[in-house]
Amino acid sequence: MLVGLTWLLGCQVAGELLVRATGVPLPGPVVGMALLFVVLQWRRPAPEAGVFAVSDVLLRHLQLFFVPAGVGVVAYLALLRDAALPVTVGLVGSWLAGLVVTGGLVALLGRRARG
Amino acid sequence: MADVLDWATTSPLVLLFVTLLAYRLGVWARDRSGGHPLAQPVLVAIVLVGVLVLALDVDPADYRAGTTLIAFWLGPATVALAVPLHRQVRRLRGLVLPILLGIGLGALVSILTAWGLVVLAGGGEELARTMSTKSATTPVSIALSETIGGIPALSAVFSVIAGVGGAVAGPTVLSWLRVRDERARGIALGSVSHGIGTSRALHESETEGAFAGLAMGLTALATSLWLPLVVLLLG
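The listed protein sequences correspond, in order, to chains A and B. Under the working numbering, the first residue of the first sequence carries the number 1, and numbering increases by one thereafter. Under the working numbering, the first residue of the second sequence carries the number 1001, and numbering increases by one thereafter.
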C-alpha cells in the first residue's frame, strides 16, 4: 500500500513540476494521471500491486474529497439568490447542452466506427 | 459554554469528524435507498455540513482550513483515475476520434451556451465570463476565470454545482437521451461534471468511471484552449 501511495504522490509531484515548467493549462494532478497511465502501460504491474489497492480505496471514496469545496458554496448563497435567474438558466441550460452534444456525438460516431 | 463552542467550530478534529460523519450518513442513505440519484454521499454531506456551518456560524475559512486533510486527497485520487483507464484501455479502440471530436465540440458548446444564456437571462457580462469556465475541473475553472476577467471564487462555486448536479441528474438524463454505451455515458458525464460527475460514474461501473476521468482531463484542456478565442470574439 505504501509503495502504491508513493507512486501516486510521485506522479502528482512530477505533474505539478511539469505544469510549472511548461505552463500547460492543466492542474498538476491531471498531468499526474496521464503520467501514471503511461507508467502502468509501460511496466504492467501485477493485479495485486499496491498502486491498484491504494487507487481503488481512494476512488471508492472520491465523493468525500469534494465535500470541503462543496461546503464552500454556503459563503455565496446570498450572491446566488440575487442572481438566481441567470445563474439557474445558465448552469442548467449549458450543462444540458454540453451533455447532449458530447454524449450524442460520442455515441453516434462510436456506433458508426463499430458498424 | 461559549469557549466550548469556539473550540468546536474551529477545531480541525471536530470539523473532520463532522465531515466524515456526514459523508458516512450519505453513504448509508445511498445504500438504504437502493442508489436513489438524490442520495449522492457528496450532496448529503454538503447539505448536512452546510446547514451546521450556517447554524453554528462557522467561518467558512476556518472550515476550509480545518478540513485540508480531506481536500488534500483530491490530488492523489485524481492521479489514481489512471488505474481504471489502464484497465479499460482496450475499450478505447475505435473511439479515440469520436471522443476528441465530442469533447472538443462539447466544451465549445458549454462555453458559448453558458455565456449566452446568462446574458439572455439578464445577468451581466462579468457573470457570463464567470460562468463560462464551469465545465472545467475546479482548479482550472479558477485559473481560467482569473485570466478572462471573471470572479474566480464564484467560478469554483459554479463548477462544484455543475459537478454535484451532474452526479445527481447526469445518468438519468443520459438514459432519457438513450445514450446507453457505458463509454459514451462516462465521457459525457466527465465532460460536463468533471471530477464529481466522475465519482458518480465510478459508482455506476468501472468502464463509465474510466471514461469520465479521461473526459475530465480532456475537457479541462479543451476549455483552456477555446476560452481565449471565445473571449476574443465576444469580449
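Honestly, the hints are just simulated from the structure, not real lab data. Take these hints with a grain of salt, some might be off.
To be verified - Reference listing, derived: stretches of chain B covered by chain A, where coverage requires no fewer than 3 residues with Cβ under 8 Å from a Cβ of chain A:
(1) 1001-1011
(2) 1147-1157
Unchecked claim - Each pair of labels, with its calculated beta carbon distance range:
(3) B:Val1051 <-> A:Trp42: 14 to 24 Å
(4) A:Trp42 <-> B:Gly1235: 37 to 47 Å
(5) A:Arg81 <-> B:Leu1056: 35 to 45 Å
(6) A:Gly23 <-> B:Gly1035: 36 to 46 Å
(7) A:Arg20 <-> B:Gly1149: 37 to 47 Å
Backbone N, C-alpha and C fix where the C-beta goes; we use that ideal spot for every residue, glycine too.
Those earlier numbered hints the structure runs against, lowest number first: 1, 3, 5 and 7
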